[in-house]
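Colleague: So the protein sequences, as listed, match chains Y and D.
Here this note's numbering is used: the first residue of the first sequence is 1, the next is one more, and so on.
Here this note's numbering is used: the first residue of the second sequence is 430, the next is one more, and so on.
These are calculated hints, taken from the structure and not from any lab test.
Yeah, the Cβ is synthetic: ideal placement off N, Cα and C, and Gly gets one too.
Any given hint could be a false lead.
On the chain D side, residues computed to face chain Y include the following (Cβ under 8 Å) [as the list claims (entries may be wrong)]:
no., residue
1, G456
2, Q458
3, H480
4, L487
5, A501
6, C525
7, K533
8, P534
9, M546
10, R555
11, D563
12, P564
13, K575
14, G585
Simulated pairs of lysine to aspartate or glutamate, EDC-like, Cα-Cα distance not exceeding 20 Å [unchecked claim]:
no., chain 1, residue 1, chain 2, residue 2
15, Y, K297, D, D559
16, D, K533, Y, E42
17, D, K486, Y, E180
18, Y, K390, Y, E320
19, Y, K108, D, E510
20, Y, K108, D, E464
21, Y, K178, Y, E232
22, Y, K297, D, D478
23, Y, K108, Y, E48
24, Y, K295, D, E510
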Amino acid sequence: MTMTKRFGLLFCLGLFVVVGLPWPVSAVELTVHSDTLLRFFERDTATEKDATVLPVYEYLQLDVENPGEPGLAFHLSGWGRGDLADNDYYTDSTAGELLYAYLEYSGKLARFNARAGRQYVFEGVANESVDGLRLSSDLGRYFSGSLYLGQPVALDSEQGRSGDSIYGGRLANHLAGKYELGLSYKKINNDSDDAEEMAGVDISAYLPYNINLYGFSAYNIESEAFGEHSYELSFSVGSLSLRPYFQKFQYEDYFGTGANSANPFRFLADTGEELTVVGTDLTLPVGEAWTLVGKAKHYDYQVLDDSSQYYSAQAIWSGEGNSQFGGEFGYMNGDAAQNDYYLVRLDSYWDQLPDACPIAFVSGDIVYVGYDKAIYGEDRSLFVSLSVGKKFMEDALTLKLSGDYGSDPYFDDDLRGMLTASYRFAQAL
Amino acid sequence: MRTNHWIGMGMSLLLLSLAACAALDSGLQLPLRHESAADLGQSTEQCTDCHDARGEKLAFGSFNHNEVWGTAHRQPAYQQERVCAMCHQTSFCSDCHATRVELKPSLKNQGETYRQMPHRGDYLSRHRIDGRVDPTSCFRCHGNPKAARTCVPCHG
Chain Y
1 MTMTKRFGLL FCLGLFVVVG LPWPVSAVEL TVHSDTLLRF FERDTATEKD
51 ATVLPVYEYL QLDVENPGEP GLAFHLSGWG RGDLADNDYY TDSTAGELLY
101 AYLEYSGKLA RFNARAGRQY VFEGVANESV DGLRLSSDLG RYFSGSLYLG
151 QPVALDSEQG RSGDSIYGGR LANHLAGKYE LGLSYKKINN DSDDAEEMAG
201 VDISAYLPYN INLYGFSAYN IESEAFGEHS YELSFSVGSL SLRPYFQKFQ
251 YEDYFGTGAN SANPFRFLAD TGEELTVVGT DLTLPVGEAW TLVGKAKHYD
301 YQVLDDSSQY YSAQAIWSGE GNSQFGGEFG YMNGDAAQND YYLVRLDSYW
351 DQLPDACPIA FVSGDIVYVG YDKAIYGEDR SLFVSLSVGK KFMEDALTLK
401 LSGDYGSDPY FDDDLRGMLT ASYRFAQAL
Chain D
430 MRTNHWIGMG MSLLLLSLAA CAALDSGLQL PLRHESAADL GQSTEQCTDC
480 HDARGEKLAF GSFNHNEVWG TAHRQPAYQQ ERVCAMCHQT SFCSDCHATR
530 VELKPSLKNQ GETYRQMPHR GDYLSRHRID GRVDPTSCFR CHGNPKAART
580 CVPCHG
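Throw the hints in and build the complete structure from the sequences for me.
Modeller: Written as structure tokens, this is what we have:
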């Protein structure tokens, strides 16, 4: 199906949902959120040097619901891109994707929820976009469950959609505020052949002394071994918050997800590597406005018989609204010199400007990275970004203008610009 | 085949249970939407500003959006998607977690530096190193054939 036909079908579906379904009259609201982005930059193409590239993106979101009330709702989001310059920079002059479009029913009791259509499923071993049906509900006081089935969106380019299917679910046992233990399962078929089959266990436990435990393990049923173990704690010592974590990945079982994988990950599955990661995040508020953040991460490779470390320190000042100033220093001590780099970042966002000011907010960002071993003859990269914005029509319309400059191993002096118009419309039906 | 048989039976049983037990309330129902900052008359920066860290229905402390939340929300979100949905539409998640988007999140939301989005600046160069050091973090968002279209031009 072509992109035009797909979006046409989508529009008709949205129109049918808005006017065709028997929505309860009370307080049903239609919300439309549109982001239109016009970018401009220069690139070499097959036929021209420093050709101007002018892509225009439209991100559209539509929601029909009675906010906060059980019942029917419809949600839709997608994006499309057109190339105004049409100078062969993009392989396809148009592109786009329907991210989700689903009809949802939320029950008054038992947290019952049903969704039909294109939707994301994030739970247990599922991190999938599905064209299909998902049901979830409490199963009494101590259990809850969910099921989904349909076709995997990620595989629609792999030998068509015929014979593609996905199904799975999660069963959880919980004691509110104490713990939750989940068992999950997922199976994907591509062209009627097995593509991926995973089972997982996830846990959250709220231990004494305000210590929280989160954990997740994924078992690859095809390869009959665990692909991932990820476990973390979070707790505070005085005002210092810590999040130590442990992760272990077996590449063959983690990346070996059959037709649902892609390069370069398929290649990595054959390396037999086993990666162990241990690390911690530290967060320390200082006074009313300052927060200090530290991160340390150690990577250990069994086959390579080597290790890497990453450390970073960050200081953030937060003010009213989203106003913020921050600075960060990071250092990657890789297993080889080609994997060493340091990073310095300064960023700011200020939305507390006086009313007399012609703009509503201004933000800036500087990122400098130094590489121990040069990449394409360059041993550093610099990125500078500046954005301003203003709101109109009682904040329904926001216009933003951004410009950024980059000098790095891939681009000598790269200037880019972007104009964004964000429009939000709400109407009671 | 025998495994599939048991899995099929288990899932059918769960489906029947879902249908039969949908009226068995757990007493854990949270509002579908959180009140907005405007309705509350104050900003809603941290859950524990108003709720107990260990509430009767939810351990609210686990959902505090502190400065590392952007890289630490995976496990709470996978277990309690409904809590996220109280404040965020799915589109908020799909800014980063979409099956296929062309613009990286930090570029689409260029001016929103306070969101600490990943891949800021010259990530094209840096991803060579981060990808070698820990490719598992790339896989979560770029691992399937559709999402990997970003990788295909260079990685085949």
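Colleague: Does each hint fit the structure? Answer for all of them.
Modeller: Hint by hint, here is what the structure shows:
no.	hint	verdict
1	G456	6 Å, holds
2	Q458	6 Å, holds
3	H480	11 Å, violated
4	L487	7 Å, holds
5	A501	6 Å, holds
6	C525	12 Å, violated
7	K533	12 Å, violated
8	P534	12 Å, violated
9	M546	10 Å, violated
10	R555	6 Å, holds
11	D563	6 Å, holds
12	P564	6 Å, holds
13	K575	4 Å, holds
14	G585	5 Å, holds
15	K297/Y to D559/D	12 Å, holds
16	K533/D to E42/Y	18 Å, holds
17	K486/D to E180/Y	12 Å, holds
18	K390/Y to E320/Y	18 Å, holds
19	K108/Y to E510/D	18 Å, holds
20	K108/Y to E464/D	18 Å, holds
21	K178/Y to E232/Y	16 Å, holds
22	K297/Y to D478/D	30 Å, violated
23	K108/Y to E48/Y	61 Å, violated
24	K295/Y to E510/D	26 Å, violated
Violation of the numbered hints given earlier is confined to hints 3, 6, 7, 8, 9, 22, 23 and 24; the remaining hints are satisfied by the structure.
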